[in-house]
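Given the sequences, and given the hints that come with them, work out the whole structure.
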Amino acid sequence: MESLLSTTYRETALCHSGSDIIDAIINCKAAEATQLGIDFRFAVSFPVSADIAPVDICGVLANQIDNAFDACRQMPPSYLREVKITIKHVENFVFFRVENTVDHDPFENNSSLSSTKTDTSAQHGLGLKNIHDITDKYSGFLRNEYKSGLFISVASFCYETLDT
Numbered sequence: 003m004e005s006l007l008s009t010t011y012r013e014t015a016l017c018h019s020g021s022d023i024i025d026a027i028i029n030c031k032a033a034e035a036t037q038l039g040i041d042f043r044f045a046v047s048f049p050v051s052a053d054i055a056p057v058d059i060c061g062v063l064a065n066q067i068d069n070a071f072d073a074c075r076q077m078p079p080s081y082l083r084e085v086k087i088t089i090k091h092v093e094n095f096v097f098f099r100v101e102n103t104v105d106h107d108p109f110e111n112n113s114s115l116s117s118t119k120t121d122t123s124a125q126h127g128l129g130l131k132n133i134h135d136i137t138d139k140y141s142g143f144l145r146n147e148y149k150s151g152l153f154i155s156v157a158s159f160c161y162e163t164l165d166t
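In terms of this note's numbering, the sequence shown has 84 at position 82, counting the first letter as 1, and numbering is strictly consecutive.
Hints in this document: simulated from the structure, not taken from any laboratory.
All C-beta atoms, glycine included, are put in the ideal place defined by N, C-alpha and C.
Honestly, I wouldn't trust all of these hints.
[What the hints assert, rightly or not] Computed list of lysine-lysine pairs in DSBU-like fashion (alpha-carbon distance at most 35 Å, straight line):
1. 149 - 131
2. 90 - 149
3. 90 - 139
4. 149 - 86
5. 86 - 139
[As the list claims (entries may be wrong)] Cβ-Cβ distance ranges computed for the label pairs, FRET-style:
6. 147 - 43: 26 to 34 Å
7. 56 - 78: 18 to 26 Å
8. 75 - 132: 37 to 45 Å
9. 152 - 18: 21 to 29 Å
10. 20 - 77: 27 to 35 Å
11. 47 - 106: 26 to 34 Å
12. 82 - 160: 31 to 39 Å
Written out as structure tokens, the structure is:
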């Protein structure tokens with residue numbers, strides 16, 4: 003996390019949410035999206051008083067975005083590659099919504115969304131489990147769905163408010 007925080011502000015500073023970890027992730031991923039030819043948009047409303055560990059925010063948001071980028075990379079170059087991030091809060095809940103374009107329904111032949119990566123030099127397939135474990139820790143949920151050419155991943159957290 004420290005490397006992420008120190009690097010991204012030098013490269014680009016597009017997101018100013020009030021959360022250093024969210025800003026670092028969004029800014030880093032925006033730079034990566036540019037390199038990958040992915041249209042990357044975001045809207046962030048994050049309560050700075052939310053008692054959510056930065057490592058847990060990173061574990062969810064970075065995994066969601068990485069999964070979206072992987073899906074975009076698998077699409078033919080002529081297709082629209084787009085990732086949209088929305089982070090909002092309602093009362094004591096925070097919702098991380100990541101939408102990405104896809105060229106087919108990923109549930110069609112892979113209902114559990116198991117990793118399809120063949121590279122054996124690194125572990126794969128732990129991202130969704132990690133997101134699920136983290137959202138459970140905060141009495142939240144993970145919902146993934148396909149709708150009209152979009153893959154939509156929504157993770158929620160129920161949080162306590164820090165005294166500020």
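Each hint tested on the structure:
1. 149 - 131: holds, 22 Å
2. 90 - 149: holds, 21 Å
3. 90 - 139: holds, 19 Å
4. 149 - 86: holds, 14 Å
5. 86 - 139: holds, 25 Å
6. 147 - 43: 26 to 34 Å: violated, 19 Å
7. 56 - 78: 18 to 26 Å: At 37 Å between Cβs, range violated.
8. 75 - 132: 37 to 45 Å: Because 20 Å falls outside the window, the suggested range is violated.
9. 152 - 18: 21 to 29 Å: Given a distance of about 27 Å, which is inside 21 to 29 Å, the answer is holds.
10. 20 - 77: 27 to 35 Å: Distance hint for residue 20, residue 77 holds at roughly 34 Å.
11. 47 - 106: 26 to 34 Å: Between residue 47 and residue 106, where Cβ atoms are some 32 Å apart, the hint holds.
12. 82 - 160: 31 to 39 Å: 35 Å Cβ-Cβ, so the 31 to 39 Å window holds.
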